[in-house]
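Using this note's numbering, the first residue of the sequence shown is number 1, and each one after it goes up by one.
It should be emphasised that the hints constitute simulated quantities derived from the structure, not laboratory data. Note that the structure is a prediction, hence the values are computed from the model and not measured. Ideal placement from N, C-alpha and C gives every residue a C-beta, glycine not left out. Some clues are possibly wrong.
Cross-link-like lysine-lysine pairs, in silico, DSSO-like; alpha carbons within 27 Å at most [claimed, not checked]: (1) 47 x 34; (2) 258 x 34; (3) 258 x 47.
Here are the simulated distance ranges between beta carbons [said to hold, decoys possible]: (4) 257 x 135: 36 to 42 Å; (5) 176 x 102: 21 to 27 Å; (6) 133 x 43: 22 to 28 Å; (7) 103 x 165: 28 to 34 Å; (8) 83 x 165: 36 to 42 Å; (9) 76 x 206: 19 to 25 Å; (10) 53 x 182: 28 to 34 Å; (11) 255 x 195: 35 to 41 Å; (12) 139 x 43: 24 to 30 Å; (13) 103 x 76: 31 to 37 Å; (14) 41 x 236: 31 to 37 Å.
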Amino acid sequence: MFKPTHRRSLVFVFALLAIVALTTVSFARHSWRKYHWARTSNPLTLKLGDNVSSAWDSHLNTASADWSQSAVLNTSVVAGGSNPSTCAPTLGRIEVCNAAYGSTGWLGIAQIWTNGFHITQGVTKLNDTYFNQARYNTPAWRLMVTCQEIGHNFGLDHQDENFNNVNLGTCMDYSNDPAGTAGTNGTLNNLHPNLHDYEQLATIYGHVDSTTTAGQSTNPSANAPGREGKDPQWGMLVRTTNDGRTALFENDLGGGRKIFTFVIWADGEGDDHGEDGH
1 MFKPTHRRSL VFVFALLAIV ALTTVSFARH SWRKYHWART SNPLTLKLGD NVSSAWDSHL
61 NTASADWSQS AVLNTSVVAG GSNPSTCAPT LGRIEVCNAA YGSTGWLGIA QIWTNGFHIT
121 QGVTKLNDTY FNQARYNTPA WRLMVTCQEI GHNFGLDHQD ENFNNVNLGT CMDYSNDPAG
181 TAGTNGTLNN LHPNLHDYEQ LATIYGHVDS TTTAGQSTNP SANAPGREGK DPQWGMLVRT
241 TNDGRTALFE NDLGGGRKIF TFVIWADGEG DDHGEDGH
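My request is simple: use the sequences and hints to build the entire structure.
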């Protein structure tokens, strides 16, 4: 049973395994192994299913527009194909959902399903149980988490995982101050991608494939094992950092198919969250 040793936590769940960090963060690779969406040409056109309430629509639209600034990626927000309370995946696209998922310990989840090195579907889940609390109920926290989790769904890892150091000016950087309000020296905000995120996407999608996994279907996939919503089956713990504040899980489905889930525990939470996510 895995228990985070750091009771200040926050969560993003998402899929894909981390790669080697270089000495200088700003030049580090931050992709997840070789995981990517298969496509026969660039830019990759990917749909983001809108299963969010009006409180989240502007953040989803901003994140979609930001990530579409990449030369190899074009996203569009479309009508959702999932019940927000379960946020089941849809083959060939990303479903983005919000709901009061309960006192699960996690703030947000990014999760991907893979077949070999190809991503076949993804979900981003935003937990209103915590976002309705004063600490997280701000535009900055909502936008950073939305931007970061969707970034994970493309195959990006974090640029940095230290919550307390100076912001890098990217939503792919953990921060206790996403708005960049701390200090008096013009601290960068972590609300949008930065140039290094776009460079990393260009590296990840620098080749084309013989087939595509994007846009295959608008029907909910039968690929998702276990329970969805409040109590997903996350599988085996494969990495933890920040004294248990972050954790990566892998669920091996066999036949080259896996689910990757990255968890960041929310502030003041983290009681008895085991390897199956509860």
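Tested hints:
1. For the hint pairing residue 47 with residue 34, the CA-to-CA distance comes to about 21 Å; that is within 27 Å, so the pair holds.
2. For the given pair, residue 258 sits about 14 Å from residue 34 by alpha-carbon distance, which is consistent with the 27 Å threshold.
3. Our distance criterion of 27 Å between C-alpha atoms is met by residue 258 and residue 47, whose separation comes to about 21 Å.
4. Range check, residue 257 to residue 135: Cβ separation about 37 Å, and the 36 to 42 Å hint holds.
5. At about 24 Å, the beta-carbon gap between residue 176 and residue 102 stays in the expected band of 21 to 27 Å.
6. The hinted range of 22 to 28 Å is not satisfied by residue 133 and residue 43, whose Cβ atoms lie roughly 38 Å apart.
7. The hinted window of 28 to 34 Å between residue 103 and residue 165 holds, with their beta carbons roughly 29 Å apart.
8. Checking the proposed 36 to 42 Å range against residue 83 and residue 165 shows it holds: the Cβ atoms sit about 39 Å from each other.
9. Our hint of 19 to 25 Å for residue 76 and residue 206 holds, since their Cβ atoms are close to 23 Å apart.
10. Separation of residue 53 from residue 182 is about 30 Å and conforms to the stated range, judged on CB atoms against 28 to 34 Å.
11. For residue 255 and residue 195, the Cβ-Cβ distance of about 38 Å falls inside the hinted range of 35 to 41 Å, so the restraint holds.
12. Residue 139 and residue 43 have their C-beta atoms about 28 Å apart, which keeps the hinted 24 to 30 Å range intact.
13. One distance hint, 31 to 37 Å for the beta-carbon pair residue 103 and residue 76, holds here, with the actual separation near 34 Å.
14. About 36 Å separates the C-beta atoms of residue 41 and residue 236, a value consistent with the hinted range of 31 to 37 Å.
The structure fails to meet hint 6 from the earlier list, while all remaining hints are met.
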